[in-house]
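One-letter residues, chain by chain:
Protein chains: 6
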Amino acid sequence: MWFCAGIVSQLTRNCGVSPAERQTVTELTHFDDSGASRMVDVGDKPVTARMARAEAVVEMRPETLATIRDRGLAKGDVFEVARIAGIMATRRTSDLIPLCHPLPLEGARVDFEILDSQTVRIEATVNVRARTGVEMEAMTAVSVAALTVYDMCKSIDRAMSISGVRLLEKSGGKSGHFVREPVSS
Amino acid sequence: MWFCAGIVSQLTRNCGVSPAERQTVTELTHFDDSGASRMVDVGDKPVTARMARAEAVVEMRPETLATIRDRGLAKGDVFEVARIAGIMATRRTSDLIPLCHPLPLEGARVDFEILDSQTVRIEATVNVRARTGVEMEAMTAVSVAALTVYDMCKSIDRAMSISGVRLLEKSGGKSGHFVREPVSS
Amino acid sequence: MWFCAGIVSQLTRNCGVSPAERQTVTELTHFDDSGASRMVDVGDKPVTARMARAEAVVEMRPETLATIRDRGLAKGDVFEVARIAGIMATRRTSDLIPLCHPLPLEGARVDFEILDSQTVRIEATVNVRARTGVEMEAMTAVSVAALTVYDMCKSIDRAMSISGVRLLEKSGGKSGHFVREPVSS
Amino acid sequence: MWFCAGIVSQLTRNCGVSPAERQTVTELTHFDDSGASRMVDVGDKPVTARMARAEAVVEMRPETLATIRDRGLAKGDVFEVARIAGIMATRRTSDLIPLCHPLPLEGARVDFEILDSQTVRIEATVNVRARTGVEMEAMTAVSVAALTVYDMCKSIDRAMSISGVRLLEKSGGKSGHFVREPVSS
Amino acid sequence: MWFCAGIVSQLTRNCGVSPAERQTVTELTHFDDSGASRMVDVGDKPVTARMARAEAVVEMRPETLATIRDRGLAKGDVFEVARIAGIMATRRTSDLIPLCHPLPLEGARVDFEILDSQTVRIEATVNVRARTGVEMEAMTAVSVAALTVYDMCKSIDRAMSISGVRLLEKSGGKSGHFVREPVSS
Amino acid sequence: MWFCAGIVSQLTRNCGVSPAERQTVTELTHFDDSGASRMVDVGDKPVTARMARAEAVVEMRPETLATIRDRGLAKGDVFEVARIAGIMATRRTSDLIPLCHPLPLEGARVDFEILDSQTVRIEATVNVRARTGVEMEAMTAVSVAALTVYDMCKSIDRAMSISGVRLLEKSGGKSGHFVREPVSS
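Protein sequence lines correspond, in order, to chains A, B, C, D, E and F.
Everything in the first sequence is counted per the working numbering, starting at -10 for the first residue and increasing by one.
Everything in the second sequence is counted per the working numbering, starting at -10 for the first residue and increasing by one.
Everything in the third sequence is counted per the working numbering, starting at -10 for the first residue and increasing by one.
Everything in the fourth sequence is counted per the working numbering, starting at -10 for the first residue and increasing by one.
Everything in the fifth sequence is counted per the working numbering, starting at -10 for the first residue and increasing by one.
Everything in the sixth sequence is counted per the working numbering, starting at -10 for the first residue and increasing by one.
In isolation and in its complexed conformation, chain A is listed as follows (with noise of 0.2 Å):
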């Protein structure tokens, strides 16, 4: 069942939001009071330093990343090709998520992990000083360098997936200090 034909049915039979719903809806920021959606104007917070980091896995054949491994050790490593997709995808975000902020990056670094025979783990660290955070541009770099890992792969192995995008880190804004354990082999 998709989500526009149920919506559709829903606003047939019930077009009140309840007031305890209402005030739900308010905590998200993207949207203003009549619901239109926006970039929030952030001119009021102050610039403080904010980093944020990020994790996703790539899922493979063993003989998948045998093969990736095997490369590391000659000229075009997948995981430096990736690697490089995902610092540029940080410059990127704001061209990519609708409501996002642009940002003069500090800093972005994204790193490699092998967990198992069939699993890599990759990481993504962003630093900026500014009046918001960027978790979307961490986020934004390990997707980006998992669809690289994809791509150069995908010859060899096309049922290959992504999974466990999440954030892990952030700190800087008043929303305190984010932190959580990344996935372990």
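To be clear, the hints were calculated from the coordinates, so they are not data collected in a lab.
Possibly wrong hints are sitting among the right ones.
Any copy, or any two copies together, can satisfy a pair, since identical chains are not distinguished.
Keeping only pairs whose Cα atoms sit at most 20 Å apart, straight-line, the calculated SDA-like set for lysine to any residue is [as the list claims (entries may be wrong)]:
1) LYS34 - GLY161
2) LYS34 - ARG120
3) LYS163 - THR121
4) LYS34 - ARG118
5) LYS163 - ILE145
6) LYS163 - ASP105
7) LYS163 - THR37
8) LYS163 - GLU16
9) LYS34 - SER144
10) LYS163 - GLU52
11) LYS163 - ASP146
12) LYS34 - THR18
13) LYS163 - THR18
14) LYS163 - ASP22
Starting from the known structure of chain A, arrange chains B, C, D, E and F on it as the hints suggest.
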């Protein structure tokens, strides 16, 4: 004397890659025989009608998904913003993925389905008549749509995660018809 | 009175759409039957030679236009900078317009005409052989050329305005030949 | 009569620019004393909170506007797609306008108002703390939002036109507060 | 002595262009008869398989080149990063060069050769089947690859220089086969 | 266990990099200790007023340069198109150069000088107040301006070449004031 060659001979002497492994390495078509990455020349492949479908799921707290559903009743629907982001991303794919071919895309769509109280499934379909396929465009569309859902809801649920980014179907190339079942609730 | 507000109150009053109205809705080809926006699949349309012309006018104080004319005598002509901006914008159209197809444009030109002492007319012509037309490329070219004239002269005439952005001619598609007269002095 | 031709004949007749005219020329800050265009160095201007608002109107057949309103009741609202396009365009402004400064925008919103049975008004507001203003970002936002409305409705109303693209308000720079009334029904 | 100044004084002295010179002017196909720049309409040219090769050299201190070579043994090879940058730049060419046609590139590669203790040669090859050639894509690829080498080594050798950016070969268009020898050590 | 580390230890065993060479390697700030490329974190550097100047020369047949000069008398000056391309390229630098920081540029100019009957010199100056410098923006500006001259004249002189792309001056960072003489006729 080419630098690539220099490295390869040194690798042969020192880093020990077995002949069998070498064969696997050459299956990664994004690298040439010397190991250099490249945008593969597809000029000799025929122009055929090609299609690719990909999916991703976004997992979140039930309260978050309830909020998104409520928003669907008003203006500024989260899924509509994410849909636009995913469609636009199909056209930025070769700006993001280093060895991807630029293609004159002929159609793209992104759909959303609520699987259960905390899971949203996103599916993208992309069409082209070209010498190479559109898997990366479909994979990029679901990734960017999922990142946009994350961006719009992160103020209330920073722990959301994106999983199951994978190819569902691919047709039109010489590698044949690839198809698998979508994730279901 | 804002539309957002209007729509919401209308929703409360009237969630039914009449059959006649439904028929009209489906004429907007950028939406599918369920109402979801999409990049329409044009794969079944034939490749034909297509052309579109669009125009815009920029209105300004006579002193401003006199200054632009004087500059035309020296280096750094305002119209030359705007012409380059308009031509380059034809190639960015699908980066800007969410449901627009990317096209391998074959030709583009932007011209300027002084209609009277305070009015400049801009005309753009774009050519392609493709499955869909180039109206948006021509419309975007005149808009960006006009915005560039505004940018370069805003320090002396902040009240300038851009009007009459419209399609003048379109040929090559199944919808037939559309043509109308340009604005004249 | 085209301006290019006019300028050339004028060059033949009259290569002198009067002293009074010369003074006017130098007011165009995008050119230096030798007449070369440039991105003006704003390094000596103070960082201040700046805001700009701009508007545009889209004129169409009443049937077209009725169709847009009907769509507002379902998914895939024309104005919502145009809103996203306008907001994203604020961040592409310096990619489009040749001598425009890139700015770390802090807020952007785009709103739609139905003025009468055939006229839609679009208004954009952009905020930044920077050494130069955001007029071009606001002007570009309303232009791209209007072009998107055109794109989505052109299959039913090719003759739509965009008018009244102009600055409504600007504050925060040394040139003082500029403000004027929006167009009304 | 700057050209701007020179041109202006020449304008004052001599506004006539001789008939012979006029003929030469029209050879620049990027301008029409009235002198306006344009993206030339290539719609009447046949689609043919086209190829272009270009080269550039980067000159540096022997210590710098030794460092690059050492890095080639580890991760993060300077040439690999530059190779990716060069390949990606082929797809950005029409974003950078004002009158360049956007083309659906079919193949691109960038190679590095150490000519002597202080000189690196870069060569790019680009392929397409289109109505116009890919010289600019190959020239842009070597330029951006060379700029990336500069960027990565500038902290130890600010005086590096890039030379000999030139076309080596071009085939597939009506202007015939152009080929010349690469620079050698 | 990180993959980078794995490679490094293997290198230590097999590929023999001497301790002295290792020291040199770490001078390339775009790599971290493990050898991974990154966008260096400049968050701890102070914001200072920074400037960079770069130059390039374009060599061509005397007939080609004569044609460019003649065009300078009419509309559509080759140098004016190249100037706009160079200025716009300063703002695309971090889209092109993988490890380059995005910067809110405050000023940019590109100038042209005819050195002799077959040589044009291009100079770019870029300004910013930021934590890192603008050498790459100035180097990219002269490269893209030179490529544009090549593009506009290649129909009459395919053998043109671009040389001497190099930094002329850099000020404002902790590495001190770097300056050298431009090439002269």
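Now the hints, each set against the structure:
no.	hint	verdict
1	LYS34 - GLY161	both (11 Å within a copy, 18 Å between copies)
2	LYS34 - ARG120	both (5 Å within a copy, 18 Å between copies)
3	LYS163 - THR121	within (10 Å within a copy, 27 Å between copies)
4	LYS34 - ARG118	both (12 Å within a copy, 11 Å between copies)
5	LYS163 - ILE145	between (46 Å within a copy, 14 Å between copies)
6	LYS163 - ASP105	neither (37 Å within a copy, 32 Å between copies)
7	LYS163 - THR37	within (10 Å within a copy, 23 Å between copies)
8	LYS163 - GLU16	within (15 Å within a copy, 37 Å between copies)
9	LYS34 - SER144	between (47 Å within a copy, 15 Å between copies)
10	LYS163 - GLU52	neither (46 Å within a copy, 22 Å between copies)
11	LYS163 - ASP146	between (44 Å within a copy, 15 Å between copies)
12	LYS34 - THR18	within (14 Å within a copy, 32 Å between copies)
13	LYS163 - THR18	within (14 Å within a copy, 32 Å between copies)
14	LYS163 - ASP22	neither (22 Å within a copy, 33 Å between copies)
Against the hints set out earlier in the document, violations occur for numbers 6, 10 and 14.
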